[in-house]
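A.B. asks: We have chain Z already, so just place chains R, W and D on it with the hints.
Protein chains: 4
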Amino acid sequence: MAADAGDSSFSSSSMEKQFGGFLQQLEQSGNLRDKIRAVAAEIESSTRVMHSCLLLVHESRPIPEVAAKAEAQIEVMKGLYGRLAEILRECPGQYYRYHGDWRTETQTAISMIAFLHWLQMGNLLVHSEVEQKLGLDSSEFGLDIEDYLIGICFMSNELPRYVVNQVTAGDYDCPRKVLAFLTDLHASFRILNLRNDFLRKKFDGMKYDLRRVEEVYYDVKIRGLAPIGDSTATKGPKHKHG
Amino acid sequence: MAADAGDSSFSSSSMEKQFGGFLQQLEQSGNLRDKIRAVAAEIESSTRVMHSCLLLVHESRPIPEVAAKAEAQIEVMKGLYGRLAEILRECPGQYYRYHGDWRTETQTAISMIAFLHWLQMGNLLVHSEVEQKLGLDSSEFGLDIEDYLIGICFMSNELPRYVVNQVTAGDYDCPRKVLAFLTDLHASFRILNLRNDFLRKKFDGMKYDLRRVEEVYYDVKIRGLAPIGDSTATKGPKHKHG
Amino acid sequence: MAADAGDSSFSSSSMEKQFGGFLQQLEQSGNLRDKIRAVAAEIESSTRVMHSCLLLVHESRPIPEVAAKAEAQIEVMKGLYGRLAEILRECPGQYYRYHGDWRTETQTAISMIAFLHWLQMGNLLVHSEVEQKLGLDSSEFGLDIEDYLIGICFMSNELPRYVVNQVTAGDYDCPRKVLAFLTDLHASFRILNLRNDFLRKKFDGMKYDLRRVEEVYYDVKIRGLAPIGDSTATKGPKHKHG
Amino acid sequence: MAADAGDSSFSSSSMEKQFGGFLQQLEQSGNLRDKIRAVAAEIESSTRVMHSCLLLVHESRPIPEVAAKAEAQIEVMKGLYGRLAEILRECPGQYYRYHGDWRTETQTAISMIAFLHWLQMGNLLVHSEVEQKLGLDSSEFGLDIEDYLIGICFMSNELPRYVVNQVTAGDYDCPRKVLAFLTDLHASFRILNLRNDFLRKKFDGMKYDLRRVEEVYYDVKIRGLAPIGDSTATKGPKHKHG
Chain Z
26 MAADAGDSSF
36 SSSSMEKQFG
46 GFLQQLEQSG
56 NLRDKIRAVA
66 AEIESSTRVM
76 HSCLLLVHES
86 RPIPEVAAKA
96 EAQIEVMKGL
106 YGRLAEILRE
116 CPGQYYRYHG
126 DWRTETQTAI
136 SMIAFLHWLQ
146 MGNLLVHSEV
156 EQKLGLDSSE
166 FGLDIEDYLI
176 GICFMSNELP
186 RYVVNQVTAG
196 DYDCPRKVLA
206 FLTDLHASFR
216 ILNLRNDFLR
226 KKFDGMKYDL
236 RRVEEVYYDV
246 KIRGLAPIGD
256 STATKGPKHK
266 HG
Chain R
26 MAADAGDSSF
36 SSSSMEKQFG
46 GFLQQLEQSG
56 NLRDKIRAVA
66 AEIESSTRVM
76 HSCLLLVHES
86 RPIPEVAAKA
96 EAQIEVMKGL
106 YGRLAEILRE
116 CPGQYYRYHG
126 DWRTETQTAI
136 SMIAFLHWLQ
146 MGNLLVHSEV
156 EQKLGLDSSE
166 FGLDIEDYLI
176 GICFMSNELP
186 RYVVNQVTAG
196 DYDCPRKVLA
206 FLTDLHASFR
216 ILNLRNDFLR
226 KKFDGMKYDL
236 RRVEEVYYDV
246 KIRGLAPIGD
256 STATKGPKHK
266 HG
Chain W
26 MAADAGDSSF
36 SSSSMEKQFG
46 GFLQQLEQSG
56 NLRDKIRAVA
66 AEIESSTRVM
76 HSCLLLVHES
86 RPIPEVAAKA
96 EAQIEVMKGL
106 YGRLAEILRE
116 CPGQYYRYHG
126 DWRTETQTAI
136 SMIAFLHWLQ
146 MGNLLVHSEV
156 EQKLGLDSSE
166 FGLDIEDYLI
176 GICFMSNELP
186 RYVVNQVTAG
196 DYDCPRKVLA
206 FLTDLHASFR
216 ILNLRNDFLR
226 KKFDGMKYDL
236 RRVEEVYYDV
246 KIRGLAPIGD
256 STATKGPKHK
266 HG
Chain D
26 MAADAGDSSF
36 SSSSMEKQFG
46 GFLQQLEQSG
56 NLRDKIRAVA
66 AEIESSTRVM
76 HSCLLLVHES
86 RPIPEVAAKA
96 EAQIEVMKGL
106 YGRLAEILRE
116 CPGQYYRYHG
126 DWRTETQTAI
136 SMIAFLHWLQ
146 MGNLLVHSEV
156 EQKLGLDSSE
166 FGLDIEDYLI
176 GICFMSNELP
186 RYVVNQVTAG
196 DYDCPRKVLA
206 FLTDLHASFR
216 ILNLRNDFLR
226 KKFDGMKYDL
236 RRVEEVYYDV
246 KIRGLAPIGD
256 STATKGPKHK
266 HG
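Top line first, the protein sequences correspond to chains Z, R, W and D. One point on numbering: in the numbering used here, the residue at position 191 of the first sequence is 216, and numbering is uninterrupted. One point on numbering: in the numbering used here, the residue at position 177 of the second sequence is 202, and numbering is uninterrupted. One point on numbering: in the numbering used here, the residue at position 138 of the third sequence is 163, and numbering is uninterrupted. One point on numbering: in the numbering used here, the residue at position 58 of the fourth sequence is 83, and numbering is uninterrupted.
Only chain Z is shown next, with the shape it has when bound in the complex (with noise of 0.2 Å):
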């Protein structure tokens, strides 16, 4: 070691002064974090107000109905969104260094919403529309893909219980169309070539969805509840589902 007093004692104050410059910016980035995890909070909270209107279709309340209260959430979470923009904006170039601070109650608000959105227009709710009605803008402070696939992998977890409780309450034909909607999505999914990670597992759950909703419409079909003149249509060839 070739250090002398004077090495030492120089070293000592150009430590002093460089750590002096890390306080800050871990202050300062300590700050930002904390600014996010308290709009990442009011979004989770948002999400559960959302959830508590969704979970009413399942006792067959009227979509328009639980549509009204739970829109009113995805505006909450509009703002909410331009909040954490703003945050970022700060920061440019750093969203992915906070991503990990929002990502989980994000993947649950693309979840309701487009579990909304299927319920009133039957069809899958795509990447720009969500970011849409979230006001986000890809250019600055987007929606990361595989947020929104997990989302709607989640979404897809509420659909078997949909089914049952609305066959339970006289819907006979729901699970044919949810059937269909499901072996769409699920065809999609597979298009991608997922690696060995969280969204592939949160996929392969997919397939129990997908059975199940198999089972409940079997139940339907062997009962001879469900719709006449519809099993042919179904599941044809090319997915034209009538």
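I should point out that these hints are in silico values taken from the structure, not numbers from a laboratory. Computed from a predicted structure; not experimentally measured. Among these hints, one or two may not hold up.
For identical chains, the list gives no copy identity; a pair is met inside one copy or between any two copies.
Pairs of lysine-lysine residues, derived as DSS-like cross-links and limited to a Cα-Cα distance of at most 27 Å, are as follows [what the hints assert, rightly or not]:
hint, residue 1, residue 2
1, K103, K60
2, K232, K60
3, K103, K158
4, K232, K94
5, K226, K60
6, K42, K94
7, K94, K158
8, K158, K60
9, K103, K246
10, K232, K246
11, K232, K42
C.D. replies: Below, chains R, W and D without anything else, positioned relative to chain Z:
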């Protein structure tokens, strides 16, 4: 559910289109990640070679001899970080998206380079000097502060062993110098308001290094082996080590 | 310890020589393993494509259409197993040394190929037929019996879902046929004296497939949906299914 | 499903025939495995006896006395490995199929035999010497390199305890010798490019043995207990340990 045949078939087609786009984007980021990981593996391999060189200081081999071989690896790493920066240039603003794929290797590299520097100069290699050695440019592809600090904690873990082996080889002044350095370093880290994370945990480990070095210094002093006249100057209130 | 300077220095040199030799041998087997894993990854990728094709039978797509695409993948796999055999030819007698690197992929491949065969022929694809389809030669690079049997267990897991979806689509004779096949298959496995291992566990799962198919057959029979005259012949004492 | 009565009955019979064949083959390999395990259990039992003998060196019993009893076990093991080789001769090319059934026991045996050799000779027992001692023939039933290396890592784990007890018993030159040996051994292992597996993990543990021995050597040196004049020669630049 408001879906009728038209919606569903519309959805099916727009679904396919969307997932086709995702396929491309996921492939792109997957390929990028593969490239990054390949370079990170080469960095890891280079740190292992450098580690082998540095281990020789524990056998009391002369520092210049050890340094020559070790420095050659810094040049290798510089080339590799250049390639990383080039790969990341393809996707501006996504440094932190892929950060997890090179950070462990980088922390190890920092620990080696800082240990070598300390062996040669007796003081702390500061952040800007590491960037310079590795050809990193903060405005483009810089060295994350936390990675730097974690690397420094790893370097600290090497010091007790070094002191023990130096004393064994008859260098009784080494504990004093190392203790002065480690005391300053520990004090500098204490300035930082570390939150509850990986870095805090690594820093908490540094106190064991400090204690072990204190014990060795104690052993040397109590046996009258330390060079005469060093006692007051070593740990004075202003960290001036004379 | 009897070591003196001479011994130790002798040892040091013979140590180096020995480890130099090990380096070569470990590199060799490491490279071989890398080659094997690369081919195994391609086999896995091919089974995923084949799986996507086969999933269409659950949507009641005509078997010949499904089979055409799926069979193309068997040809792909045949090529890949040819490459595996060639790689293993470099190291005679070491099939089982590297077996762990392709066995999972092979078990999945077997399950697909046997399922396709069953869809086309209604009977079990025997071990020698799989070897033939994949161009394997038992005297050189054959198909491990346990891998074959585990693959068949995996195939069995597909059958309940297939039956459910066939009944939904109006094929009320399917449960009887599947039940006859699965009953025979289960009985055949019971001949084997399986020890406490992975295969035994997989086989234990087959009974759930059997029960589910029995339940579907029961549903069909109790509702008078099964074709007339099939009841006695189905599960006769000698497994003659008339 | 194209199956009709004929197919199914044909299938049933060819199924039975196939599974009858499997029964025989699985019994055969099951019996072979039982025989192997019985011998492996005897090897394990012999290593336990040998371990008991070797433990006496920690009580500073004279090495020749310890060695005599321990060597008797090597003869026992030689006989057992001869029986293993004979069993494996029944199934050429399947060494690695059953390797898992004797490898743990073999690794332990290697560690004992190499420790005894080191006690007697002060240097590393090389791979070919172990094979010779155990009557193994690489062309037929040899000693896997990784098993040898793992056994050597286990042997290294014995050394810190040995050094501590030798120093306690008054042999102050022991730490120097062990440290020289372990430093060379550690350096030799580092030549190998170990991948991320069991062996790598075991080797990573060797550094703790090394550090512990360094600490003991330090204790001896700092107290002036080490024989005079050994410091420069021990860890000189060319690993000549005088």
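A.B. asks: Starting from the hint list further up, note which numbers the structure goes against and sort them upward.
C.D. replies: Structure breaks hints 2 and 9.
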